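The opening residue of the sequence shown carries number 9 in our numbering; numbering runs sequentially from there.
Everything labelled a hint here was simulated from the structure, so no lab data went into it.
Remember, it's a predicted structure, so these values are computed and weren't measured experimentally.
Hints may contain errors.
For lysine-lysine, the following BS3-like pairs were computed, each having C-alpha atoms within a straight-line distance of at most 30 angstroms [stated by the list, open to error]:
#1 K155 <-> K20
#2 K91 <-> K155
#3 K91 <-> K20
#4 K12 <-> K155
#5 K12 <-> K91
Label-pair restraints from in silico Cβ distances [to be verified]:
#6 L117 <-> D65: 31 to 39 angstroms
#7 E45 <-> I22: 52 to 60 angstroms
#8 K53 <-> F24: 33 to 41 angstroms
#9 G125 <-> Q92: 43 to 51 angstroms
Glycine residues also receive a C-beta, built at the ideal position from the N, C-alpha and C atoms.
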Amino acid sequence: MKSKLLLPSRFKLIGFLLLIPSLVLGILYRFRDFYFEFLTFKFRKSSGTDKSIFTEDQINLTDELALTGLIVGLLFIAFARHKQEDEFIHHIRLESWQWAVLISYGLLLLATWFVHGFAFIDVMMYNMLTILIIFIIRFYIVLARNKSANL
Numbered sequence: 009m010k011s012k013l014l015l016p017s018r019f020k021l022i023g024f025l026l027l028i029p030s031l032v033l034g035i036l037y038r039f040r041d042f043y044f045e046f047l048t049f050k051f052r053k054s055s056g057t058d059k060s061i062f063t064e065d066q067i068n069l070t071d072e073l074a075l076t077g078l079i080v081g082l083l084f085i086a087f088a089r090h091k092q093e094d095e096f097i098h099h100i101r102l103e104s105w106q107w108a109v110l111i112s113y114g115l116l117l118l119a120t121w122f123v124h125g126f127a128f129i130d131v132m133m134y135n136m137l138t139i140l141i142i143f144i145i146r147f148y149i150v151l152a153r154n155k156s157a158n159l
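Kindly generate the complete structure, drawing on both the sequences and the hints.
Listed below in structure tokens is the structure:
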């Protein structure tokens, strides 16, 4: 059965080429306050209730760039067709998605009860990526186990 939703297998490499620098950039931004100066933009925003008074503010888009690279890279890896895509691979793929969704939401439920305040915003930020990460890890672990069992 040929799935129409899968990308060509070369997207796995493209995904890793996007994922690795985006992950490094995201870690540097989050924990070292690193940002690209050229991604800082000024804009006008209204202040208060009087819409005729505008103030100038600025925003840096380094974190948006890192998160976009992470999400696109993970999506490319997750949706790249396996070189020998067959019913068995399709079954592993489906099971891995099910595991990923269940584990991700289980972790989110735990965090809902045990993480409070602004720390929960961090949990939600990381939770955006957990389904894709868990899927990729489980899918390739199961593939590797089956490959070694067949040798």
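### Task
Check the following: the C-beta atoms of K53 and F24 are separated by a distance inside 33 to 41 angstroms.
Once the Cβ atoms are compared, 38 angstroms apart, the range 33 to 41 angstroms for F24 and K53 holds.
### Query
Does K12 pair with K91 here, judged by a C-alpha cut-off of 30 angstroms?
holds, 15 angstroms
### Task
May I ask you to test the hint 52 to 60 angstroms on the CB atoms belonging to E45 and I22?
violated, 28 angstroms
### Pairwise hint evaluation, K155 against K12, where the allowed Cα distance is 30 angstroms at most
holds, 25 angstroms
### Query
Taking the beta carbons of L117 and D65, is their distance inside 31 to 39 angstroms?
37 angstroms Cβ-Cβ, so the 31 to 39 angstroms window holds.
### Query
Between K91 and K155, does the CA-CA distance stay at or below 30 angstroms?
holds, 13 angstroms
### Task
Hint says 43 to 51 angstroms; check whether the CB-CB distance for G125 and Q92 agrees.
holds, 48 angstroms
### Query
Is K91 within 30 angstroms of K20, Cα to Cα?
holds, 11 angstroms
### Task
With a cut-off of 30 angstroms on the C-alpha distance, tell me whether K155 and K20 pass.
With a Cα-Cα distance of about 19 angstroms, the restraint between K155 and K20 holds, given a limit of 30 angstroms.
When each numbered hint is compared with the structure, a violation occurs for hint 7 only.
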